[in-house]
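Novice: This is what each chain is made of:
There are 2 protein chains.
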Amino acid sequence: MFSDIRPAPKIDRDEYKEAERELRWQLLQAQFALQDRGRALLLVVSGIEGAGKGSVVQRLSEWLDPRGIRANTYWLPSDEEESRPHFWRFWRRLPPRGEIAVFLGSWYSGVLRDSIELPGGDGLQSAAERINFFEDMLSADGAFVVKLWLHLDKGDQRKQLEERAGKQQNPRVTDRPYEIHGHYDQHVAVADKLLDATSTDCSPWHIIDAKRRRHRELEAGRILLTAMQEELGNSARRPTAVPFTPATATTRLDELDLALSLDRSDYKKELKSLQSRLQDLAWQAYREGRSVVAVFEGWDAAGKGSAIRRVTGAIDPRLYHLVRIGAPTDEEHAHHYLWRFWRQIERDGRGTLFDRSWYGRVLVERVEGYATDAEWQ
Amino acid sequence: MFSDIRPAPKIDRDEYKEAERELRWQLLQAQFALQDRGRALLLVVSGIEGAGKGSVVQRLSEWLDPRGIRANTYWLPSDEEESRPHFWRFWRRLPPRGEIAVFLGSWYSGVLRDSIELPGGDGLQSAAERINFFEDMLSADGAFVVKLWLHLDKGDQRKQLEERAGKQQNPRVTDRPYEIHGHYDQHVAVADKLLDATSTDCSPWHIIDAKRRRHRELEAGRILLTAMQEELGNSARRPTAVPFTPATATTRLDELDLALSLDRSDYKKELKSLQSRLQDLAWQAYREGRSVVAVFEGWDAAGKGSAIRRVTGAIDPRLYHLVRIGAPTDEEHAHHYLWRFWRQIERDGRGTLFDRSWYGRVLVERVEGYATDAEWQ
Numbered sequence: 033m034f035s036d037i038r039p040a041p042k043i044d045r046d047e048y049k050e051a052e053r054e055l056r057w058q059l060l061q062a063q064f065a066l067q068d069r070g071r072a073l074l075l076v077v078s079g080i081e082g083a084g085k086g087s088v089v090q091r092l093s094e095w096l097d098p099r100g101i102r103a104n105t106y107w108l109p110s111d112e113e114e115s116r117p118h119f120w121r122f123w124r125r126l127p128p129r130g131e132i133a134v135f136l137g138s139w140y141s142g143v144l145r146d147s148i149e150l151p152g153g154d155g156l157q158s159a160a161e162r163i164n165f166f167e168d169m170l171s172a173d174g175a176f177v178v179k180l181w182l183h184l185d186k187g188d189q190r191k192q193l194e195e196r197a198g199k200q201q202n203p204r205v206t207d208r209p210y211e212i213h214g215h216y217d218q219h220v221a222v223a224d225k226l227l228d229a230t231s232t233d234c235s236p237w238h239i240i241d242a243k244r245r246r247h248r249e250l251e252a253g254r255i256l257l258t259a260m261q262e263e264l265g266n267s268a269r270r271p272t273a274v275p276f277t278p279a280t281a282t283t284r285l286d287e288l289d290l291a292l293s294l295d296r297s298d299y300k301k302e303l304k305s306l307q308s309r310l311q312d313l314a315w316q317a318y319r320e321g322r323s324v325v326a327v328f329e330g331w332d333a334a335g336k337g338s339a340i341r342r343v344t345g346a347i348d349p350r351l352y353h354l355v356r357i358g359a360p361t362d363e364e365h366a367h368h369y370l371w372r373f374w375r376q377i378e379r380d381g382r383g384t385l386f387d388r389s390w391y392g393r394v395l396v397e398r399v400e401g402y403a404t405d406a407e408w409q
Numbered sequence: 033m034f035s036d037i038r039p040a041p042k043i044d045r046d047e048y049k050e051a052e053r054e055l056r057w058q059l060l061q062a063q064f065a066l067q068d069r070g071r072a073l074l075l076v077v078s079g080i081e082g083a084g085k086g087s088v089v090q091r092l093s094e095w096l097d098p099r100g101i102r103a104n105t106y107w108l109p110s111d112e113e114e115s116r117p118h119f120w121r122f123w124r125r126l127p128p129r130g131e132i133a134v135f136l137g138s139w140y141s142g143v144l145r146d147s148i149e150l151p152g153g154d155g156l157q158s159a160a161e162r163i164n165f166f167e168d169m170l171s172a173d174g175a176f177v178v179k180l181w182l183h184l185d186k187g188d189q190r191k192q193l194e195e196r197a198g199k200q201q202n203p204r205v206t207d208r209p210y211e212i213h214g215h216y217d218q219h220v221a222v223a224d225k226l227l228d229a230t231s232t233d234c235s236p237w238h239i240i241d242a243k244r245r246r247h248r249e250l251e252a253g254r255i256l257l258t259a260m261q262e263e264l265g266n267s268a269r270r271p272t273a274v275p276f277t278p279a280t281a282t283t284r285l286d287e288l289d290l291a292l293s294l295d296r297s298d299y300k301k302e303l304k305s306l307q308s309r310l311q312d313l314a315w316q317a318y319r320e321g322r323s324v325v326a327v328f329e330g331w332d333a334a335g336k337g338s339a340i341r342r343v344t345g346a347i348d349p350r351l352y353h354l355v356r357i358g359a360p361t362d363e364e365h366a367h368h369y370l371w372r373f374w375r376q377i378e379r380d381g382r383g384t385l386f387d388r389s390w391y392g393r394v395l396v397e398r399v400e401g402y403a404t405d406a407e408w409q
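Sequence lines, in order, name chains A and B. For the first sequence, our numbering gives the first residue as 33, with consecutive numbering after it. For the second sequence, our numbering gives the first residue as 33, with consecutive numbering after it.
Please note that the accuracy of each hint is not assured.
Residues from chain A that face chain B, not an exhaustive set, calculated with beta carbons under 10 angstroms [to be verified]:
#1 Gln90
#2 Leu92
#3 Ile101
#4 Asp111
#5 Val134
#6 Leu136
#7 Ser141
#8 Arg145
#9 Gly337
#10 Gly345
#11 Asp348
#12 His353
#13 Arg356
#14 Asp362
#15 Glu364
Everything labelled a hint here was simulated from the structure, so no lab data went into it. Quantities reported herein were computed from a predicted structural model and do not represent experimental measurements. Quick reminder that beta carbons are idealized off the backbone N, C-alpha and C, glycines included.
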C-alpha cells in the first residue's frame, strides 16, 4: 500500500492560511450536520513513529468544535484493561451518537507491536478479520470509521526524530529516537500487510506523506471532510441486512422435553451438592483469574428469577456481579447497542451474570418496538 | 464502643428458620418500597477479619431481591483507582436511586490499615472528618448509609480462623490466619476510635457479636430492616438547608474591571508565549503524574468557548479531556449530583477541563428548574 504514496508538495504560509480558513469552515459545518443526524465518527490516527500524529490531532481538534470531539490515547493498558477481553478498552470509549472520537493508538497498535515481535505467525490475518468484523458492526449501527496512516520514508523519519529530540516535548518520542528508528523496515513491512487486510469498502485506509507539516495537516483535514460529506450524503443508507429465514417445522425449543421432573428430596440433595461445588469453583476461578459471563434468557414466568437466585445464593457476593437488563438508559441508547453489555464486564476472576442480555434485541426489543426491523436483523 | 456489645445468644435451627421467613418477607417489602421512593441505600459491612462479613452479605443478598443489590469489594486498588483522588473508587460505584450497594471494604478499610501501620498520627481524626462529610453529602441527597461492624473477641477470632483454614474457601482469609491474628489488639484499638468518631446521628455504627452464624445473620438482617423502615417513615424529611444569605451591596463580580483591554499585536505575542509554555507544562505534568482539574463558568456569550479553545489549542490532545456539562442524562440523574463529575476525572498526569460544572447546580439548574430550592441550597 505504501508504494503509490503521493509525495508531499511544499505549501507556503499564505497558501496554508487560506486553505485552512476554508477547510475549517467546512469541517465545522459537517461536524454540526453529523451531530444533528446522530452519527458517531471514529477517527483512527496511526502511522510511523515520529510522523506527527499528535500534532495532526491537535490541529484537527482546533479546527473542529472541541466539545464534540475526544481524543483517546492507548499507551500501556491499565491493569483494569488488561484483565478484560482485548476489545473492552475500545468499547468503553466508543463515542456516543453525534460525537467524534479520535483514537491515537487503537485496535491496530497492539497487532502491529505483536507482529513485529513475533513475525511469521498467522496472528496478523486473524487479527485483521476480528478488526474488520468490529468495524463492520460499528458501521451497521450508524457509526463510521475513518483511518489515517501518516507515513515517512526511512531518511525522513531519522530527520524528524533527530530534530525533535532537541525540543522539550513528548517524552515518549524524544527519549529514544535511535531505538525507534532501528525497527523501521520491519515496522513498515508488517504495517503494509495489516493495512492491506483491513482496508475495506466501508472503512478504507488513507495514507498521507507526513514529511511536511502543512501538507499533512491539510491532507488529514481534507480526508476527514470528504469522509464526513460522503457519510452525510449516504445517511439514508441502512445496513444491508442478512435476509431473515423464518424457522421451519421444528426448532431447538421444540426438542425440549417439558415433562421432566424431579422429586423434592432429590432436588434438595442435588441442589446442595451443586451449590457447594459452585462455591468452591468460584473461588478457584478467582485464584486462577478466570472469568465467566453467564446469560439468563427465557419466557416470562418460566422461573428465570429463581434460577438466578439459586446460582447467586451459592457464590460469594464478592465474586460476581448481577446485571439486570431493562430498557436502555438514554446514555446507553446513544451508543452502539452492545456498549451497555461490554461496559459491565467484570475483571479477571469474577463472574458477570446477565438477567436478560444482547439477545433481547431480537427477542424483546423487536416485539416492543425499541428496535427497527433493520436493527434487529 | 466495643465494651457494651451484646453477647450472641444461641439460636437453634427451627427458631432460625422461622425468624428468617418473617424477616425475609419484611426485607423484601422494604426493598420494594425504597425502590419506589427512589432511595439509594449504602450498606457498609466491616469488622474483624474472620468474622464472616462475606457470609453475612451472601445471606442478605439471598434474602433481598438480588437484582436491586450489588456487592462492591475493595481489595487492593487497581492502578486506575490509585491514580485518582482517594474517594473516586467509591464515587464510581455509588448505587443509583432505588438500589442497594453493599460495601465490603469501604472508605473505612484504608483508614484502618493506615492507622495500624502508622499509629499515633493525627491522620485518623481528619480522615474521620472527611468520611463524615462524605456520608452527610450522600444523606442530604436522598441516599442513606447503614454501617455494620462484625466483632469477635481475641479467642473467638483465633477459633474462627483456625476452623476455616481447613476449608477450601476464601483464599484471602485461609492462607494467613496466624498473621492476621497477631494484630488483633492494635486493630481493635484503632477501630474503636474510628467508629466512635464516625458514628453520627444520620449514620450510626451497629456492632454485632459475630461469634455465632445464625445470630449474626439475623442481627444484620434486623438492623438493616429497622434502618430501612425508619428511612421510609422519614421519607418526607428533606435536608435542613443552610439558610441562604442574599448578597449584600458588593459582590466579587462587582470588583471586576470590565474596561481592561489589550491591543491586537500584544495579544498575539502574549498568547503565543503563554500557549507554548502551557504545552511544555502539560508534558511536564504528565511526566510527574500531576493532574489538573479546570472549571470554566461564565455568562452566555462571555467568550467561554473561545477561551477554552485557546487552552485546548495549546495542549497535546493526548493529555486532556474536555467535558461539556449539559442537562444530566437519566443515568446521571439517578445518582448523587456530584457522581457525574467524579466519574469524568482523568488519570494521573492528565487534565480534565469542565465546560460548566458543579456550580451549575446553583447557577443554572436553579433558574431553569432542574433542582428544587432545597437541592441547590
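Novice: Each hint: holds or not?
Specialist: Evaluation of the provided hints:
Look at Gln90 of chain A: its Cβ gets to within about 5 angstroms of chain B, closer than 10 angstroms, so that hint holds up. Look at Leu92 of chain A: its Cβ gets to within about 8 angstroms of chain B, closer than 10 angstroms, so that hint holds up. Hint on Ile101 of chain A holds. Least Cβ distance to chain B is approximately 8 angstroms, under the 10 angstroms limit. Proximity of Asp111 of chain A to chain B holds as hinted, the smallest CB-CB distance being about 5 angstroms (cut-off 10 angstroms).
For Val134 of chain A, the interface hint holds, the least distance from its beta-carbon to any beta-carbon of chain B being 7 angstroms, beneath 10 angstroms. A cut of 10 angstroms between beta carbons decides the hint on Leu136 of chain A: the least distance to chain B is about 6 angstroms, and the hint holds. Hint status for Ser141 of chain A relative to chain B: violated, with the closest Cβ pair at about 13 angstroms, above 10 angstroms. With a least beta-carbon distance of about 18 angstroms to chain B, the hint placing Arg145 of chain A at the interface is violated under the 10 angstroms criterion.
At a threshold of 10 angstroms, the smallest CB-CB gap from Gly337 of chain A to chain B is about 8 angstroms, leaving the interface hint in force. At a threshold of 10 angstroms, the smallest CB-CB gap from Gly345 of chain A to chain B is about 5 angstroms, leaving the interface hint in force. Of the supplied interface hints, the one on Asp348 of chain A holds, with its beta-carbon coming within about 5 angstroms of a beta-carbon of chain B, less than 10 angstroms. The interface hint given for His353 of chain A holds, since its Cβ lies 7 angstroms from the closest Cβ of chain B, which is under the 10 angstroms cut-off.
Checking Arg356 of chain A against chain B: minimum C-beta separation of about 4 angstroms stays under 10 angstroms; hint holds. Residue-level restraint check for Asp362 of chain A holds (minimum Cβ-Cβ distance to chain B is 5 angstroms; threshold 10 angstroms). The interface hint given for Glu364 of chain A is met, as the beta carbon of that residue sits about 8 angstroms from the closest beta carbon of chain B, less than 10 angstroms.
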